[in-house]
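Could you slot chain B onto chain A? The hints should help.
Protein sequence lines, in the order shown, are assigned to chains A and B. The numbering of the first sequence is the working numbering, which starts it at 1 and goes up by one. The numbering of the second sequence is the working numbering, which starts it at 156 and goes up by one.
If you are wondering where the hints come from, they were derived from the structure by calculation, not from laboratory data. Quick caveat, the model's predicted, so the values are computed rather than measured. There is no bait here: all hints are sound.
Here are the computed distance ranges between Cβ atoms for each label pair:
1) Val404/B - Ser65/A: 34 to 42 Å
2) Asp82/A - His284/B: 34 to 42 Å
3) Leu414/B - Ala68/A: 17 to 25 Å
4) Ser409/B - Ser66/A: 31 to 39 Å
5) Lys727/B - Gln127/A: 41 to 49 Å
6) Ser66/A - Val404/B: 36 to 44 Å
7) Gln759/B - Gln127/A: 31 to 39 Å
Listed next, the in silico DSSO-like pairs over lysine-lysine satisfying Cα-Cα at most 30 Å (straight line):
8) Lys433/B - Lys443/B
9) Lys83/A - Lys362/B
10) Lys754/B - Lys768/B
11) Lys852/B - Lys424/B
12) Lys83/A - Lys116/A
13) Lys7/A - Lys433/B
14) Lys116/A - Lys7/A
15) Lys424/B - Lys542/B
16) Lys433/B - Lys53/A
17) Lys809/B - Lys119/A
18) Lys768/B - Lys729/B
19) Lys53/A - Lys119/A
20) Lys53/A - Lys83/A
21) Lys358/B - Lys83/A
22) Lys492/B - Lys750/B
Even glycine gets a Cβ: it sits at the ideal position worked out from N, Cα and C.
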Amino acid sequence: MSAVALKVNGRSHTIDADPSTPLLYVLSDDLQLQGPKFGCGLGQCGACTVICKGQAIRSCITPVSSVAESEITTLEGLGSIDKPHAIQRAFIEEQAAQCGFCLNGVILTAKAFLDKNPKASSDQIRQAVSNVLCRCFTNVRMLRAIERYQQELAQ
Amino acid sequence: MRNARTPAASAALRHAGLSRRGFLEASGALIVSFSLERTSLAQFGGPSLGSPAIDQLDSWIAIAADGSITAYSGKEELGQGIATAQQQLIAEELSVPFASVRLIYCDTALTPDQAYTSGSQSHPANFNHANLAQAGATARRAILQLAAQRLQVPMDQLTAENGFVTFIADPTKKVSYGDLVGGKRFHLALDPKVPRKPASQWKVLGKPVPRPDLPALTTAQFEFVHNVRLPGMLHGQVIRPPAVGATLVSVDESSVRGLPGILKVVVRKNFVGVVAAKPWQAIQAARKLNVVWTPGIGLPRQSDFYDSLRKQPSRDNMLVDSQDVDHKFSEAAAVLKATYHHPYQMHGSMGSSCAVADVQGDKATLWSPTQGVWYQKTTVAMLLGLKPENVHVIFRRGSGCYGLNGADTVTYDAALLSQAAGKPMRVQLTRKDEMAWENYGNAFVIDQRAALDSEDNIIAWDHEAWSASYGNRPGPGTPGNVITGLLAGFEPDPFTPRPAAPPRAYNNNSNGVPSYVRGCVGGACGGTGTIASERALVHTVKSPFWTGPLRSPARLQNTFAHESFMDELAAKAKADPVAYRLRHLSHPRLADVLKSAAKAANWQTRPSPNGAKSSNGIASGRGIACVAYEGDNGYSALVAEVEVHQDTGRIAVKRLVCAADCGPVSNPDGLRNQMEGGALQGMSRALLEEVTWDDQKVTSIDWRTYHTVPLGFDIPQVECVLLNRPDEEATGAGELSITVVAAALGNAVFDATGARLRQVPFTPERVKAALSG
Chain A
1 MSAVALKVNG
11 RSHTIDADPS
21 TPLLYVLSDD
31 LQLQGPKFGC
41 GLGQCGACTV
51 ICKGQAIRSC
61 ITPVSSVAES
71 EITTLEGLGS
81 IDKPHAIQRA
91 FIEEQAAQCG
101 FCLNGVILTA
111 KAFLDKNPKA
121 SSDQIRQAVS
131 NVLCRCFTNV
141 RMLRAIERYQ
151 QELAQ
Chain B
156 MRNARTPAAS
166 AALRHAGLSR
176 RGFLEASGAL
186 IVSFSLERTS
196 LAQFGGPSLG
206 SPAIDQLDSW
216 IAIAADGSIT
226 AYSGKEELGQ
236 GIATAQQQLI
246 AEELSVPFAS
256 VRLIYCDTAL
266 TPDQAYTSGS
276 QSHPANFNHA
286 NLAQAGATAR
296 RAILQLAAQR
306 LQVPMDQLTA
316 ENGFVTFIAD
326 PTKKVSYGDL
336 VGGKRFHLAL
346 DPKVPRKPAS
356 QWKVLGKPVP
366 RPDLPALTTA
376 QFEFVHNVRL
386 PGMLHGQVIR
396 PPAVGATLVS
406 VDESSVRGLP
416 GILKVVVRKN
426 FVGVVAAKPW
436 QAIQAARKLN
446 VVWTPGIGLP
456 RQSDFYDSLR
466 KQPSRDNMLV
476 DSQDVDHKFS
486 EAAAVLKATY
496 HHPYQMHGSM
506 GSSCAVADVQ
516 GDKATLWSPT
526 QGVWYQKTTV
536 AMLLGLKPEN
546 VHVIFRRGSG
556 CYGLNGADTV
566 TYDAALLSQA
576 AGKPMRVQLT
586 RKDEMAWENY
596 GNAFVIDQRA
606 ALDSEDNIIA
616 WDHEAWSASY
626 GNRPGPGTPG
636 NVITGLLAGF
646 EPDPFTPRPA
656 APPRAYNNNS
666 NGVPSYVRGC
676 VGGACGGTGT
686 IASERALVHT
696 VKSPFWTGPL
706 RSPARLQNTF
716 AHESFMDELA
726 AKAKADPVAY
736 RLRHLSHPRL
746 ADVLKSAAKA
756 ANWQTRPSPN
766 GAKSSNGIAS
776 GRGIACVAYE
786 GDNGYSALVA
796 EVEVHQDTGR
806 IAVKRLVCAA
816 DCGPVSNPDG
826 LRNQMEGGAL
836 QGMSRALLEE
846 VTWDDQKVTS
856 IDWRTYHTVP
866 LGFDIPQVEC
876 VLLNRPDEEA
886 TGAGELSITV
896 VAAALGNAVF
906 DATGARLRQV
916 PFTPERVKAA
926 LSG
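If we strip away everything but chain A, and leave its shape as in the complex, we get (with noise of 0.2 Å):
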């Protein structure tokens, strides 16, 4: 065990853990944070994802040591149920979930591929979300909940 230093969601954390613990446990464990899940441990299915340095990354298989000191975004790091953030807000008025587990994937890895990439085709968009899951199989709307948070960023 040993002091890892992180940056969550605008504040700093001094987390006593083993540097090879992947972050999810120490972000979902230490720290209680709800917006990154356990869905594989394998990196194959999004649910554990969170934007760090402005990369959608799976925490399941990132050790904490290696994003010590970097910044890291999870989803409730983006906006609150008062105050939610433009593309959270697109998702609600798309009604784009069912369980909603898959969530914290779709809506990180959709906001970091645009923030970087605002004018991307349709297809572009599709591709970038090609290894996040649903397996209600919200597709539909969650792909109009991303096209939509594209037009508020050209607003």
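Below, chain B without anything else, positioned relative to chain A:
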């Protein structure tokens, strides 16, 4: 902030079914104290140890002094939108805004026992003339009666609106619900004679009310079962056998001694688990624990598995038998036969299953994503050796359900480890443990045979199916129906081969009977078709793998066979697939969804295949399928448009157009969401999904080895037509579209190419084989 509550306050809020945010948002403390009163009775003994009585109004609806309304339901929100619809229902019956109603569901201490939330049963159970809907109607009349006494005005001169009862002739004379009922119980039985509010007057029900959980879901404020945290909670992991049927030889506890955070190794018969302070420590310890198992029992070869199903002792069930089928075949102008294969498929929930248990002495509290909290209560009691009345099960949403995923088994895991450690315990399965041991949707082999007359009318239909089954939902007393129960020493439901008895009453609950026959048993006909000569015989054999309900269980597999075969018959008759179906249907609602889907898809009337020559190696086609779900629990049709890449065998689905009739539409946007999701889940299952195994174990254990359609991949346009029938009974809705997708896709491929796909999934290899065959 997060830990600002005392443990007692946290527990009280959880018992009351409220998150911290819910508590802050609640309109006042009264509603909470009402809930706590129920809980304290349940916890500390007395007459209400069980769940609230299902025939009593107070079990369903409470009105606090501030007028806020709490509804209690035994049907839970799994992501299908039923909570929103139930909240709309009570808001409608009581004439209050949607947001004035709080809904609490599936807590064995608080809510009426409605068995499972499953099988498209929530809409019919709670939106007709019993249960929650009738509680709403009964409460509305009780409020009007109380107001009539209070205001000294005849009841028929009063109107209820927005939480007040008002004298129509003099609106200054009014009284609030809170004043009339506030904090007191109704002490009334549900009255089946009180009329429901007619659909023509609905202002909330039947409208596309947005789901109230989305703001919290999108901002990570929603509490999944994965997020439940108790003071002093530890983390468990289980160690499953390495092969099917392997049993425990020995566990070497010294292999994990000294690992950080490791607190306990738990062994009970063949159940092995570890307990640690943190989840990652538990995962590492589970990997390092040295466990010796016997070899597995060996598994049948997958390549000839379907044929082996026909050769085993079977439990047989005759659904219909007009006794003249063989005779009709002997005098037919033509006979057509085909055999269809459907694999085991997974629920494959996105998040692996998770549960939290707190077993203290002779009492247990469980937070579980189960579909049946009341059966968890009795079976966890068996597992732990507790009295059922000392087990309290609280539903918390897990990752999308689709049936019997790992929810029940992981609840047992958490309960066993909590009892052994004497501490609150959270267990979340690994991806492999979820996928290798869940109760899969059954594999099927289905023979279809039809006799045609000289004008190509179908005069006899013979259906014979073999499916493999082992385990099931645990029900009230069979914890051994899922892996953890078996490992801990309980047996699954026994499998006893037996011949079929003659059918006693028509029941097409599993859609074993095709839509086109009359369905006559004992002189009464319940089918949806015109064909009088009919037989449907189902064989169940013992499965080497766990099985259980997966969205549209058996109904989807049977419908794949029936609706593909109907397409083959239409092609043989050189008839348009829609017209040919209509020729053999007698049920107007099923005919209507079929016509509606065809119309919305701009269906061109002609036989299949389309015979068009493809210049670029891509052939396009369309196909249709329909079903009366469970025979009479909803009506559905779907048109699929595909492109078939003939060189690679890849199917690109371009468009899915569905039509649904579930009686009165309670929430059109919620229904659309279910139809869209079902259509795409059906597409994923038809194109990609199949459980695989070797001679010892399941080998589809993650998302590289079990294939699913990801978010952005080749998603077709999806459109849905909703046929609203406010004067009919509410039927099931959640499985309408998924049931017909595989057949519609296969029929579209046939239309495009003339190649018939009879085995799911339609992998490129199988498509290429069909194209060259």
